[in-house]
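A.B. asks: Residue numbers (UniProt numbering), protein chains in the order written: chain L, 1 to 271; chain B, 1 to 378; chain D, 1 to 278.
What the hints contain is simulated information worked out from the structure, not anything from laboratory work.
Just so you know, these numbers come straight off a predicted model, no measurement behind them.
Treat the hints with caution; some may be incorrect.
Said to hold, decoys possible - The list that follows gives simulated cross-link-like pairs (lysine-lysine, DSBU-like), each with its CA atoms no further than 30 Å apart:
| # | chain 1 | residue 1 | chain 2 | residue 2 |
| --- | --- | --- | --- | --- |
| 1 | B | Lys77 | D | Lys267 |
| 2 | B | Lys358 | B | Lys318 |
| 3 | B | Lys156 | L | Lys89 |
| 4 | L | Lys89 | B | Lys142 |
| 5 | L | Lys98 | B | Lys142 |
| 6 | B | Lys77 | D | Lys60 |
| 7 | D | Lys267 | B | Lys142 |
| 8 | D | Lys268 | B | Lys134 |
| 9 | D | Lys60 | B | Lys156 |
| 10 | L | Lys97 | B | Lys142 |
| 11 | D | Lys267 | B | Lys134 |
| 12 | D | Lys268 | B | Lys142 |
| 13 | D | Lys60 | L | Lys218 |
| 14 | B | Lys236 | B | Lys142 |
Each chain is listed here by its residues.
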Amino acid sequence: MVARVQTWWTILKICLEERLVYRGDFALGTLMRFLPIVTQIFLWTAVFASAAGNTIEGYTSETIIAYYLLTMLGRAFSSMPGLASGIAKQVREGEIKKFLIQPIDLLGYLLLARIAHKLVYYTVAAGPFALVFYLCGDYFPPFPGMQVFTAFIISLLLGFALGFFLEASMGLVAFWFLEVTSLLFVYMLFNFFCSGHMFPLDFLPEPYFTLVNFLPLKYLAYYPAAIYLGKVPPEELWQGLLIETGWVVFFIILSRYLMNAGYNRYSGFGG
Amino acid sequence: MVQVPTRSCYPITLLGRSLDGAAPEVCRTTLYFPLIMNAIEIRGLEKSYRVYQKQEGLLASLTGLFQREYRDVNAVKGIDLDVQKGEFVAFLGPNGAGKTTTLKLLSGVISPSGGRATVLGHVPWERENSYRRKFALVMGQKNQLWWDLPAQESFKLHQQIYRIDSQKFNNTRDELVDLLDVRNLLGQPVRELSLGERMKMELTAALLHSPEVLFLDEPTIGLDVIAQHNIQKFLKHYQQVRGITILLTSHYMKDIAALCKRVVMIADGEIMYDGSLEGIIDQFSGHKVLTLQFAEERMPSDLSHYGEVLEIVEPKAKLRVERGEIAGVLSSVLASHSVADVSVEDPPLEDVIADLFKQSTNKQAETKAAAAQATIGK
Amino acid sequence: MHPSYLGVFLTFARNSLIRDMTFRTNFLIEVVSSMSWMIMNLGFYTLVYQFTPDIEGWGKYEFFVFIATTMFVNSLVQAFFMPNAQELSELVRTGGLDFALLKPIDTQFLVSLRRVNWSSLGNFFVALVLLVYALPRIENFQLFWWQILLYPFYVLMGVLILYSIMITLAATSIWLGRNQSLYDFWFYITNFSRYPMEIYRGSYGEPLRNAFTFVIPILVVINVPAKILAKPFNSQGGGMAADWRFLALFTLFATAASLIFSRWIFKKALGSYRSASS
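Next comes chain L alone, as it looks inside the complex (with noise of 0.2 Å):
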């Protein structure tokens, strides 16, 4: 036990050197990260503008700039850029040979691979988070209270593990459909419209509401800042983070069917 927990640490360790090497991809990647909120800024100014009447389905100029905030930090923890790519091109390349040889799980590699990458990620985007949000202070709401903003950092850490064995599970589809990219567009395309990164949900007319409202992807964007802008009512909070934490369990236990039945057809097809 005491063995394994060192191995893990150990290659926590590495994943987190291997991510700091590479400081220009850091520096440039979260300062860029900020920059559409500013044409969104824009955009939405000029659309209350010439809109009739000073909300949109509960929103007002201001709560939609929040929002558009808000689901950012959901994003920060949800969102795995190369996660599912980098999976399928090791299937491709025949890479994941070594998660067959030696004694690493492959998802528990990841998951710390990644642990490791957003905590260098936070580390370094913590600065230019916080400038923003100060700058960006007027926009918000008064401050929700330590019940709801409790369920708002659970939401945050449930949507990294949601977003994390939801991607993997993507990802391992590679070992029937080689060339799983465009698989993988399609994913990000559902995943920018219906978790809400796009524009909030509440926007959308019914039936399509109750529609995207049943799939797991809102709690990557949408959830977390429904949360903080008091969209959801108290008495649904908990019960809307013990599904979420269903929707986690599942994309779990999903992942790891998926490796191991990929484990054995690409063993079966000898590499």
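Chains B and D: place on chain L using the hints.
C.D. replies: Just chains B and D now, kept in the frame of chain L:
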């Protein structure tokens, strides 16, 4: 403007003229008709570059985000070399000796930090198209063919890039694929080929434009013995027929023994030997291996005073004896023991070279190498 | 003797098509997915136009023409340049760039056009359909011959400007060693170009608009051709408005300048690759 170089101006007397007042002009004209042309001329070639010094440990990596340390690597430290047209020369040396760097310099992929070189009269790193049409580079560890496409599609691309006339292109391609016996694989995606087949395709691609100079970097790396042998056979044949100049780096002594009369040994960015493969033994090995087969029931218990005992398998013994002492040792052995058979051999080439490489990593070896070079110079 | 650049390009295009056709299902998924991306985009703006009649003077169908223009430009860039720019950093990492440097052909040409992503051209046709749908629905719409000539021309200028920015970004990856953020950076910076430039207003908007017009000229990429086709006249009527005529002229200059600048950066980056590697 005519430059008068000091080296490649061949003796005026060859033209049958005496050295009178017209000499300088004669010298100039001979410049354009050199009698023996060097395909490759290298003078004092140097290459150093900076690498990011990765720090051990997590904390150091973090500080590496903001502040980086660099280390200068001197990959090539002043090489002088002449290669004549039609020569097949091997670069031999341990990993990181500067072989690949030298090949990359000569192909113009990278620019040197000092010195000069010409290949077929061109300065490689000026990258004139006329030069790039005249040579090819093949690297055993990298492939330039399109991975997902059949090799013939990549060949067609080469035809366009090098602007090979289609008649000539078809002839060259057919000749090459027949020589290499890969005609039936032309339509298969490259990713489905074996390593050896892929290398044959790489070679074909590289030779489609009939280069005059060919640089081969570890062309047989990772191949099985048969594939290695096929590639060797092909290279030997092609070089003899076409008379092209080839520079080859390889780890396999067999490649070199089969192909190259001339070996240039590089270690630590410097040339430490230039001559025939066999010459390496004479140059660097001061001892011979003496094998004795005894006719006596019991082998002599103490052989160590004759020389270093390498191996004893009764009734045979192998001894390492200094070259100068071999005659004395032999006669005293024969005088005091009854011996059934005797052989005196040079030590295996691999061992000599392995020893040399080991030495070159030691500091002391540097002086030795310098001394060795001095003797070559004489 | 110069290599036949057209011949090489056609071979690249042909080889890419062969490759795409070996992964046919994938090709189809790619076409469908990039189309669905634009349809989602359209959906988003349909949604927005439910709440407002116009955005800074752009009515719904005028804005659809704007979106169609975005699709034209993007599909061309994605088909011809995007896969290559993305591959450049990979080429640097694996040393494949060495081979490109050996060839008797311009290196920038070789690495910029190696692959053609045929599936991205699917959007080109969606854009055509959208254009045909939206144009007649614009109020008081009239089409003049000079619009038909200028529109494709300025779409091409836009493509060239975006190419220059892209190859500049890709070239910097040679310096940085590896650059995964390239695509992100690209996305974020071109994100500004996907909106009518009139929305950048106010004390922050004005400088932003000027910066993205005159420093990094991405705002003219879509705005100029879209405006030429959808809103050629200002509200008073009578010919192209003066500021737009200036902007159209400026776009020509910006295209030339970006191309020259990107070439210069590319050469510099290659120089650093040559002196920094072993």
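A.B. asks: Hint by hint, say whether it matches the structure.
C.D. replies: We went through each hint and held it up to the structure:
Straight-line distance between C-alpha atoms of Lys77(B) and Lys267(D) comes to about 27 Å, which keeps the hinted pair within the 30 Å bound. Proximity of Lys358(B) to Lys318(B) is assessed by CA-CA distance (about 23 Å); at most 30 Å being required, the pair is judged to hold. Among the hinted pairs, Lys156(B) with Lys89(L) is consistent with the structure: their alpha-carbon atoms are about 28 Å apart, no more than 30 Å. Note on Lys89(L) and Lys142(B): the hinted pairing holds, with a Cα-Cα distance of about 18 Å set against a maximum of 30 Å.
Using a Cα cut-off of 30 Å, the hinted pair Lys98(L) and Lys142(B) holds, with the two alpha carbons roughly 21 Å apart. For the hint linking Lys77(B) to Lys60(D), the alpha-carbon distance of about 69 Å lies beyond 30 Å, and the restraint is violated. For the suggested pair Lys267(D) and Lys142(B), the alpha carbons sit about 24 Å apart, so the restraint of at most 30 Å is met. Distance check on the hinted pair: Lys268(D) and Lys134(B) sit about 26 Å apart at the alpha-carbon level, within 30 Å; holds.
Taking the CA atoms of Lys60(D) and Lys156(B), the gap is about 49 Å. The hint is violated against a cut of 30 Å. A hinted pair counts as satisfied when its Cα atoms are at most 30 Å apart, and Lys97(L) with Lys142(B) qualifies at roughly 21 Å. Of the supplied pair hints, the one linking Lys267(D) and Lys134(B) holds, its CA atoms being roughly 23 Å apart against a limit of 30 Å. A threshold of 30 Å between alpha carbons decides the hint, and for Lys268(D) with Lys142(B) the separation of about 25 Å falls inside it, so the pair holds.
For the suggested pair Lys60(D) and Lys218(L), the alpha carbons sit about 28 Å apart, so the restraint of at most 30 Å is met. In summary, the hint linking Lys236(B) to Lys142(B) is supported, as the alpha carbons are separated by about 22 Å, within the 30 Å threshold.
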